[in-house]
Amino acid sequence: MNRAFIKIFVIFWKDLLNEIRTREIIVSVLVFALLVLVIFSFAFGTEVDRKETVAPGILWVALTFGGVIGLNRTFAVEKENSRLEGLMLCPVDRAVIYWGKLAGSFTFMLALAIVITPIFLALFNLPMFLPWLALIIVLATLGFAAVGTLFSALAVNTRARDIMLPILFLPVVVPVIIAAVKATGSVLVGGSWGDMSTWLQIMIVFDIIYMVVATLFFELVVEE
Amino acid sequence: MNSRHTLRNSILLGLSFALMMAALYMVFVYVPTEKNTGVVQRIFYFHVPVAWVAFLAFFVTFISSILYVWKRATRWDAIACASAEIGVIFTTLVLITGPIWAKPAWGIWWTWDARLTTSLVLWIIYITYLLVRRLATDPARGARYGAVIGIVGFIDVPIVFLTVNLWRTQHPTTIIFEGGLTTPMLLALIVCIAAFTVLYVLLLVQSAELKSMKADITYLKSMMQGE
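Sequence lines, in order, name chains U and S. Just so you know, the first sequence maps onto residues 1 to 224 in this note's numbering. Just so you know, the second sequence maps onto residues 1 to 227 in this note's numbering.
Hints in this document: simulated from the structure, not taken from any laboratory. In this text, all values refer to a predicted model and were calculated from it rather than measured experimentally.
Quick look at which bits of chain S chain U covers, simulated, 3 or more residues with Cβ under 8 Å:
#, stretch
1, 119 to 126
2, 131 to 139
3, 158 to 168
To be clear about the criterion: a stretch of chain U counts as covered by chain S if any three or more of its residues have a C-beta under 8 Å from a C-beta of chain S, and this derived list gives those stretches:
#, stretch
4, 164 to 175
5, 178 to 188
6, 204 to 211
Below 25 Å or equal to it, Euclidean Cα-Cα: the simulated SDA-like pairs (lysine to any residue) are:
#, chain 1, residue 1, chain 2, residue 2
7, S, K221, U, E224
8, S, K71, U, T215
9, S, K211, U, R159
10, S, K71, U, D93
11, U, K79, S, P139
12, S, K71, U, R94
13, U, K79, S, R141
14, U, K79, S, A140
15, S, K71, U, V213
16, S, K71, U, V222
17, S, K71, U, L216
18, U, K79, S, G142
19, S, K71, U, M88
20, U, K79, U, D162
21, U, K79, S, D138
22, U, K79, S, L130
23, S, K71, U, L220
24, U, K79, S, A136
25, S, K71, U, E223
26, S, K71, U, E224
27, S, K71, U, A95
28, S, K71, U, E219
29, S, K214, U, L220
30, S, K214, U, E223
31, S, K221, U, R159
32, S, K214, U, R159
33, S, K71, U, V212
34, U, K79, S, R134
35, U, K79, S, T137
36, S, K211, U, L220
Here a beta-carbon is modelled for each residue, glycine too, at the ideal position from N, C-alpha and C.
Let the hints inform the model, and build the full structure from the sequences given.
Right, dumping it as structure tokens:
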């Protein structure tokens, strides 16, 4: 069990190093997510002051769309120079590869959220210190990464793979998006724990179900 | 295809035709007009059975996908794919007949109610299912990917339903009938459900057979080319 953790960490570390050294994806995705925030603010005009409905929606659209572009790259980069074959030749269980990739995607999306959320809060003149929002972001991001890593491995072997991931990923994560938007809305207006707990529970259940299901079926997706 | 299959298909076809005729008679002649919403309520006898078949089809895809993953027999994959195709067509019909009924009954084309939203999300998921199968780089991959989406997509249904239900607690009260279904209405509904279910089975059997034959031909071709 302990050895599995080391193996997961090695795969995760490989992806992290690759990203730190090239900084290919994170910068472009950050700019894209920032643009989504700005464009939505223009699109909604003065309506953006409605903290409970419009503002959380804009944040989660930015994080979801930014995230899906990042997820697309999770396996797309492995296509170059037959790296995917190399990864599959590793003497590890397929589930280990899934968890390594999941850790990488999760960290990537979390990094995106850590930069984008304070900018969002500043742009919309919202309070900066919101510990509950951090929890919501962690839970939603984990759900995104759990589903996204599975579908990213799937989309990479289809034609038109760039569009395949978003159309596979977005309908399945509808519950997470709804829960995250509602929970964020109640945090922003200072709602009680009771308003939030249902949405947090939905995200926790979703995360657990999809981490288990994806672990079970990942082998089927990467098998040659 | 052997003679036993031909006989079975003929029986299914005949039964489906007879039931459809009976359903049409029930809906347009036998059943009385509902007193509050009027004649438009008759679309209910198509809308409900079509929705039932749509969900049944996706459930069959789910089960066949699991069986395919387990047994790895192409027969299960053919059934899963055929059922998903039928499911998409019937969900399309649900999404068309729904608003036609909703506009006169509720005064709106669409509401983000749990049932409506879940149907819409399901429709998109299974359109993607069919797309992935077509766009996968080889058919064996397509079958495996299809199985994964067939399972993962179906697991999503209860979660979406629950979430949307909590999200839209203020949806308009969907009073269809005051005092529930009368006996003739219930009878008409049962006949319609039976008719559409038999039609579904007929379409599924035919389509799955066709897919199996296609797979056989592809296999024979590859054998002839000595691959």
